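Enquirer: Letter by letter, the chains look like this.
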Amino acid sequence: PTGLYAVPRSMHVSLSISSSCSFSGAGQDVGRSCILVSIGGKNIMLDCGMHMGYNDDRRFPDFSYITQQGRLTEFLDCVIISHFHLDHCGALPYMSEMVGYDGPIYMTHPTKAICPILLEDFRKITVDKKGETNFFTSQMIKDCMKKVIPLNLHQTVQVDDELEIKAYYAGHVLGAAMVQIKVGSESVVYTGDYNMTPDRHLGAAWIDKCRPDILISESTYATTIRDSKRCRERDFLKKVHETVERGGKVLIPVFALGRAQELCILLETFWERMNMKAPIYFSTGLTEKANHYYKLFITWTNQKIRKTFVQRNMFEFKHIKAFDRSYIDNPGPMVVFATPGMLHAGLSLQIFRKWAGNEKNMIIMPGYCVQGTIGHKILNGQKKLELENRQTVIPEYEPGWSLEVKLQVEYMSFSAHADAKGIMQLIRMAEPRNMLLVHGEAKKMEFLKDKIEQEFSINCFMPANGETSTVATNPSVPVDISLNLLKREMALGGPLPDPKKPRTIWRASLRLVSPEQALKELGLSEHQLRFTCRVQLQDAHSDSDTHIRIYTHLKSVLKGYTIQHLPDGTVMVESIVIKVSSSPEEPNTKVLLLSWSYQDEDLGSFLSTLLKKGLPAALSSM
Amino acid sequence: MYEISSDENEFEDWFIESLKIYSNIHEYQLEHPTRVIEWTGEKNVCVAGYNLSKNEILELLLPLKLFADDNQGLCAERDFKVVHGGFTDGSIHCLKHIPGTRCVVTNDGSSSKLQVWDVGGDDCDVIKKTGDIHLKTASLDKGVKIDSPLTGNASVLHGSQVNDIQLTELTSGTPLYTLGTDIPDVLSSLRFVSGSVFLACSVNGDVYVGDTRSPSYLQKSPAGGREGNHWCMGVRADSSLPEPSSCSVARLSSSCQAVVSDLRNLKSPVCQAQLNVQRKTTSDEFLIVTWAPALDNCLAVSGFDGMVQIYNTASWRPELMEFQPIFIHRGHMMSDAHFDTSSSVVTTHVWHPSRPWTVLSAAGDGSVHVWDWVDNTTASSKSLA
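These protein sequence lines are chains X and G, in that order.
If you count the first sequence from 1, position 208 lands on 208 in the numbering used here, and the numbers rise without skipping.
If you count the second sequence from 1, position 57 lands on 57 in the numbering used here, and the numbers rise without skipping.
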C-alpha cells in the first residue's frame, strides 16, 4: 500500500501583519489594512496600508512575520491593492523597495494613477517638512509603481498557472475595487473599503454571486447605521450659505481627485437655485488635473456623471471660476476650493494664513488629514499654530511663524463606507460559505456575527490583529483514471464526465505521510488482512521432521530472508507462518497451513507455489 | 440638462427648505421598519421590527454630533451606533423601558404575554431575553399596552382592556395591583402620571384615572360624543412631582380631532382643534399624539400619513375650530430614490426628554429621522419683540 493520503485541506487567512486601531482626532477613525491570505498553496497580500496614527516604525506593517522565513518575493505570489487611500497603500514603497519585493503588484488603473501622487504628497510632509529619516524616497515610489500591473474591472487575470484574480466595482472612491482570488475550486473575496449606496459621484459596489469560500469584509462601520448622504450635503450647503450670508469667506481644501467634483456640482446647483451672487473659485491646475483623470476614468463614476460628461465638460460651471492668487485679499464673501487637502503646502495653506484670523470666515475640511499637517492640527481644535525653525522647502513657512485660528472650523466626512446593512447586502450578493470581518472590535460585533450566522447559515470569523483564521475547504482533486476502470464504470451505467471537459483545472498538492499518521488524521483504526492457504504434501516423515525439512529447504532457497523455526514447531518466513499437520489415518499426507499478511502477498504466493512442488527427497532431516 | 420631473422638483424644494427649517437633521434607513422608539438613556433609544416572524431589537446610540453643542463643527460623528442587538421570534408592537434598569418589556400586539429583555452593558452587545410574564387576566388578544412607574420597585402596568389592567412585579411576576372593574373597553394608551396614579384611554375615547394604591378607585371621563371611532391619548405630566397637580391630557381621534383637557377636570375640554390633515391611510394602528416635554403647549401628531405635525395649542379655543400646524416634518415622504406620499406612513415618533426641539420619527419604509426643528413662529415673535 502507498503512504499517500489526501487529507482535507484548509485555507488560512492570516491577519498577523494587519492592524486595526483607531485613534480619535475630530472623530477620525483610521486603521491600517494589510492582510495575508494563504489559499491553495498560494500566498497573497491584500493591501499594504500605513497606520496614520504613528510617527515611528509602527506605522508600517511588521513584515518580519514573513521575512524571518525568507525573502518576501519568494513567499508572496502577489500583492493586491484595493484603493488609493494611504491606510491601504501607504506602506507599499516601503515593502517593495526597502524590505524588498519584486513580485507582481496589482491595482486598478485609477488607483495606479492616483496612488503615487498621494504617496509623494505624504513623503513630502514626512521627510521634507517633519524632517524624518528612514522613509521611502521619490525614486522608490517610482520604482515601486513600475512593479504594478493594472487591473480592469471584471477581467480575469492569471497571476500564474493556478492563481487568478478578478476585480469588481467597490464604490467608495474613484478606482476602488473588491477582488476575487481563485486557486482551483477555492476562492476568497476581499472587499477593501466599499459602499453599497450610490452617490452623486460614484456608483454602488457590485459583485457576482461567486460563492467564495471566504468573504473578507472591512467592518469599521459594521455596527453603525449611516446617516444619509443627503443630510451630509445639506449640512455642507447650510454652512457655506450661512458664512456667505454673513459676509464671510469659505475655504475648502481639497484633493484634486477626491470629492471636490461632487461638492462643486452640489454648490453649482445650489447657487443657481438660490440665485446666489458670491463668487465660487476653483484653484487653477486643479480643474485641468481633475478633468484629465475624470476623462480617463469616466467609466468608474456613476451614470449621472457619465451622462453629464457626454453633454458638457464637467467643470464648465456657470458659477465656479478659476482662482487667481490676487483674489485672496478681495473684500466680500467668496468660496474657494484649493489644493492640497491637508493644508500642508501650496495655495490652500496660503489662503488659510490670510483668512484664519477672521471669525466670520470658515474652513471646511472634507477629508482626513495626516498627523503633522496644519489640517490635522486645526481639526484637533488647536487655536494657535506655530512652526519651529526647521529646514523646509515650503516658502510660505517662515521661522517663528505663528497664527491665531479664529475662523470657524468644520469637519465633514463624505467618504462612503458600508454599514451593517451594506455588509448584509454584500453577503446576499456574493453568497460566501464563510464570512470574515476585519477592522472591527469583536466584542461589539457579537450581535452582527449572530445575525450573519443566523440569516445565512454560515460561519462568521472576527480575527483580532495578529490572529490567524483557518477555514476548511473541500477542494476537488483531479485523478487519472485507467481506461479499464472507466469502461467498467460505464458498463454499470450512470452519468459519465465529459472526458474533454475536465472538472478541475488545478492539481492538488498532496501530502505524503506514514500510514500510522494518515490513520490518525483520518480517524481510522488499523485492520490486518491475512491470506491463508492449504498445501497438501506427501512426505513420509513425522510432522516435526517435516517442519525441519521445510525449514532446511526454504533456508537453501530463500537466501537473505529471515527464516525461523519456532519452539512450537512453526516455521516463519518474514511474516509468513507455516504449520504442518496430518491425520492419524494418513500420516504421510501432510497438510501445510500457510498464512501471510497482505504486505507479504508476493512472498506468500511464491512460497505456496514452491511448496506445492513438494520437498526434495535429498533433504536430510538433520 | 436632463429633464426634471415634478417629483424631483418637489424633492429639491423640500431639500432647500430643509436648510432653514431644521437646525439638525439626520436620516437613517433601518433594515426593517419599527413602530417603537423608546428612550433607554439620554442618548440611547430602542427600536424593534414588527414583521410577523423574526425580528430584531436594537439599542441605538444617537449621533454624538447632535449632543456636541460647543464644538459641533469638529464632531464628525453623525451615524447611529448599534450598541446592543437581539433577536425575537415575534413582532414587537409595544416596547417599554423600565426606569432605573437595563430592562425593556415588550408585547407582540396579539398575545397576552410580555417578554422581558436585558439590554446588556459594556461587556457584550447582545440583548438577551430574561423571561416571560404570562397574563392570566388578559381576555382578548388585542395586544397589551405597557407602562412603568418612575419610582419604586421595577414593575409594569399592563392591560389590553380596562378590566384587565394590572401592575406586575418584574422579577417575580407577582401581581401587585388589579383594577377592580368589569368595563371591557379596548385600551389604546396607558400612562402613569405619578408614582401610583395612571391614566388609561380606551379606543372609544373615554379616559379613566386609576390609582395602584386603591384597586377600587376608577374615575371615568367620556369622550363626549365627538367624532372618531379610534382615539389615543398623550399626557404631559411633571414626573418630578409626587402627585399630579396640573397635567395636560390630549386626545386624538381618527377623524383628526384633538381635545386637550386638564387632569383636574377631564370632563370639559380646555381647548380643542380640528387638525388640518389629509388622511392617507385607513388604518388607525399608528395614530399617536405626544406632548413636547420641554416646550409649553406643543404637541406632535402622526399616523395619518407620511408626516409628523407639530401644533401649538396656546392658540386653540374651547370650541372646535380648524388649526394649522406650526411645523411639518415631511422627510419620510422624501426618500432618496423617490418622492412618495402614499406608502410610508409614520409609525411612531418621540420627543427627546430634555432637548426641546429634538424629535425622532420612524416610518413604514424603515426610515428613522432625528430632527431638531426650528420654531419660526416663536423666532419671528421674538425678533418682533
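Just so you know, the hints here were simulated from the structure itself, not pulled from any lab data.
Here the structure is a predicted model, which means the values were calculated and not measured.
Fair warning: there could be bad hints in the mix.
DSS-like cross-link-like pairs, simulated, lysine-lysine; straight-line CA separation at most 27 Å [unchecked claim]:
#1 K421/X <-> K20/G
#2 K612/X <-> K54/G
#3 K81/G <-> K229/X
#4 K20/G <-> K142/G
#5 K360/X <-> K130/X
#6 K280/G <-> K360/X
#7 K238/X <-> K43/G
#8 K555/X <-> K579/X
#9 K129/G <-> K443/X
#10 K421/X <-> K406/X
#11 K142/G <-> K421/X
#12 K142/G <-> K444/X
#13 K443/X <-> K20/G
#14 K280/G <-> K267/G
#15 K443/X <-> K43/G
#16 K443/X <-> K81/G
#17 K128/G <-> K421/X
#18 K444/X <-> K280/G
#19 K239/X <-> K142/G
#20 K239/X <-> K267/G
#21 K129/G <-> K406/X
#22 K613/X <-> K555/X
#23 K239/X <-> K81/G
Enquirer: So, for every hint listed, does it hold in this structure?
Expert: Do the hints match the structure? See the list:
no.: 1; hint: K421/X <-> K20/G; in the structure: violated, 31 Å
no.: 2; hint: K612/X <-> K54/G; in the structure: violated, 78 Å
no.: 3; hint: K81/G <-> K229/X; in the structure: holds, 17 Å
no.: 4; hint: K20/G <-> K142/G; in the structure: violated, 43 Å
no.: 5; hint: K360/X <-> K130/X; in the structure: violated, 31 Å
no.: 6; hint: K280/G <-> K360/X; in the structure: violated, 46 Å
no.: 7; hint: K238/X <-> K43/G; in the structure: holds, 25 Å
no.: 8; hint: K555/X <-> K579/X; in the structure: holds, 16 Å
no.: 9; hint: K129/G <-> K443/X; in the structure: holds, 19 Å
no.: 10; hint: K421/X <-> K406/X; in the structure: violated, 40 Å
no.: 11; hint: K142/G <-> K421/X; in the structure: violated, 33 Å
no.: 12; hint: K142/G <-> K444/X; in the structure: violated, 37 Å
no.: 13; hint: K443/X <-> K20/G; in the structure: violated, 41 Å
no.: 14; hint: K280/G <-> K267/G; in the structure: violated, 31 Å
no.: 15; hint: K443/X <-> K43/G; in the structure: holds, 21 Å
no.: 16; hint: K443/X <-> K81/G; in the structure: holds, 14 Å
no.: 17; hint: K128/G <-> K421/X; in the structure: holds, 22 Å
no.: 18; hint: K444/X <-> K280/G; in the structure: violated, 41 Å
no.: 19; hint: K239/X <-> K142/G; in the structure: violated, 49 Å
no.: 20; hint: K239/X <-> K267/G; in the structure: violated, 50 Å
no.: 21; hint: K129/G <-> K406/X; in the structure: violated, 52 Å
no.: 22; hint: K613/X <-> K555/X; in the structure: holds, 16 Å
no.: 23; hint: K239/X <-> K81/G; in the structure: holds, 25 Å
Hint compliance for this structure: hints 1, 2, 4, 5, 6, 10, 11, 12, 13, 14, 18, 19, 20 and 21 are not met, and every other hint is.
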